[in-house]
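Chemist: For reference, the chains in residue letters:
Number of protein chains: 2
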Amino acid sequence: MGRWEPNARGRLAQAAMELYVERGFEQTTVAEIARRAGLTERTFFRHFADKREVLFGGSRTLQEHLVEAVAEAPDSAAPIDAVAGALEAAGAVLQERREYSQQRQAVIAANAELRERELIKLASLAAALADALRRRGVKEPAASLAAEAGIAVFKIAFERWIGEAAQADLPRLIRESFVELKAVTAGR
Amino acid sequence: MGRWEPNARGRLAQAAMELYVERGFEQTTVAEIARRAGLTERTFFRHFADKREVLFGGSRTLQEHLVEAVAEAPDSAAPIDAVAGALEAAGAVLQERREYSQQRQAVIAANAELRERELIKLASLAAALADALRRRGVKEPAASLAAEAGIAVFKIAFERWIGEAAQADLPRLIRESFVELKAVTAGR
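Going down the list, the protein sequences come from chains A and B. First residue of the first sequence: 623, per the numbering used here; consecutive thereafter. First residue of the second sequence: 623, per the numbering used here; consecutive thereafter.
Incorrect hints may appear among the rest.
Which copy is meant is left open, because identical chains are indistinguishable; a pair holds if it fits in one copy or across any two.
Cross-link-like lysine to any residue pairs, in silico, SDA-like; alpha carbons within 25 Å at most [what the hints assert, rightly or not]:
{"hint": "1", "residue 1": "LYS761", "residue 2": "ILE784"}
{"hint": "2", "residue 1": "LYS761", "residue 2": "ALA788"}
{"hint": "3", "residue 1": "LYS761", "residue 2": "GLU786"}
{"hint": "4", "residue 1": "LYS761", "residue 2": "GLN789"}
{"hint": "5", "residue 1": "LYS804", "residue 2": "ALA749"}
{"hint": "6", "residue 1": "LYS761", "residue 2": "ALA731"}
{"hint": "7", "residue 1": "LYS761", "residue 2": "GLN724"}
{"hint": "8", "residue 1": "LYS777", "residue 2": "GLU663"}
{"hint": "9", "residue 1": "LYS761", "residue 2": "ASP791"}
{"hint": "10", "residue 1": "LYS804", "residue 2": "GLY759"}
{"hint": "11", "residue 1": "LYS673", "residue 2": "ALA732"}
{"hint": "12", "residue 1": "LYS761", "residue 2": "GLN727"}
{"hint": "13", "residue 1": "LYS761", "residue 2": "GLU781"}
{"hint": "14", "residue 1": "LYS761", "residue 2": "ALA790"}
Note that these hints are calculated values from the structure, not bench results. None of the values given here were measured: they were computed from a predicted structure.
Please take these sequences and the hints and turn them into a complete structure.
Modeler: Pasting the structure below:
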């Protein structure tokens with residue numbers, strides 16, 4: 623390890639996002655990110671495997687939080703409610719990072735490879751949620767259906783949140799979307 | 623165009639699938655596919671852009687059929703029922719191609735790039751279904767929720783079908799999975 627750089631990871635992430643927004647993801651180099659953050663390339667690679675990981679490094683933490691929240695849901699909670707509760711809690715964390723989330727979304731939307739990566743991350747989240755439900759004793763196909771439906775709701779609520787006015791509330795949008803999914807699947 | 627080759631496309635597709643199953647997708651060359659089919663590489667490229675398209679060329683037809691079926695659903699059909707009807711009809715077509723579908727699934731499962739491509743195709747199908755629902759006057763987020771939930775059901779029913787005994791019936795599994803989704807989202 624080199625000398626200690628206060629909040630190097632955060633500075634690098636912010637510099638990277640600024641450059642991705644200004645120039646596009648593809649046109650940005652690690653050297654430029656490091657320079658903008660006032661750090662070295664070596665420091666960048668101590669924190670991120672590559673410039674894509676700046677955007678997706680948070681996915682593993684998100685997945686761990688979701689799996690933990692499903693595991694800790696009350697025994698009496700129906701599978702869909704365990705999933706909804708976990709996603710609402712994740713939404714509350716994202717709510718604090720609205721500007722970052724908007725920028726990240728814009729960068730991903732502009733690049734086919736990043737859009738693919740995001741789809742893969744969402745598919746992994748659904749698989750991890752289904753697994754967490756099975757560990758609660760939920761049978762198939764209920765576990766996979768609740769997990770996949772939950773991720774679909776999350777994706778749609780997230781897009782509404784990003785697109786709406788600044789006061790939009792992600793946990794509330796997630797909650798409402800679960801209610802609307804229930805109405806939709808009931809055929810109303 | 624060269625000389626007429628009876629069912630060249632079908633012969634190439636079958637030869638390709640045999641080789642993908644025997645050796646793996648990555649290890650198979652277009653030259654080998656053409657040789658196995660008794661045709662030339664030039665004929666291969668008249669029918670397919672590359673060896674990946676042999677696996678995904680049917681997706682566009684599937685999407686067209688789904689969109690058409692949603693458009694033609696009775697006016698009285700709820701969005702989820704229009705989607706379910708379209709997917710059941712697609713399931714009936716796939717039912718006739720069970721062995722092909724199993725082989726295709728095994729080839730895709732064994733290759734990360736192909737798994738990503740399949741996720742992208744499923745996301746495109748969901749977007750096309752949502753679009754078809756909006757043209758029926760369905761509002762957001764109901765259109766996207768019905769479409770995404772429908773694709774989740776389809777994916778899960780398809781996996782059950784592939785994994786089950788030879789007499790498994792895909793349209794029935796799709797129908798049952800929609801019923802189970804309804805129970806799951808209702809919190810039962």
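Chemist: Can you list which hints this structure breaks, lowest number first?
Modeler: 8
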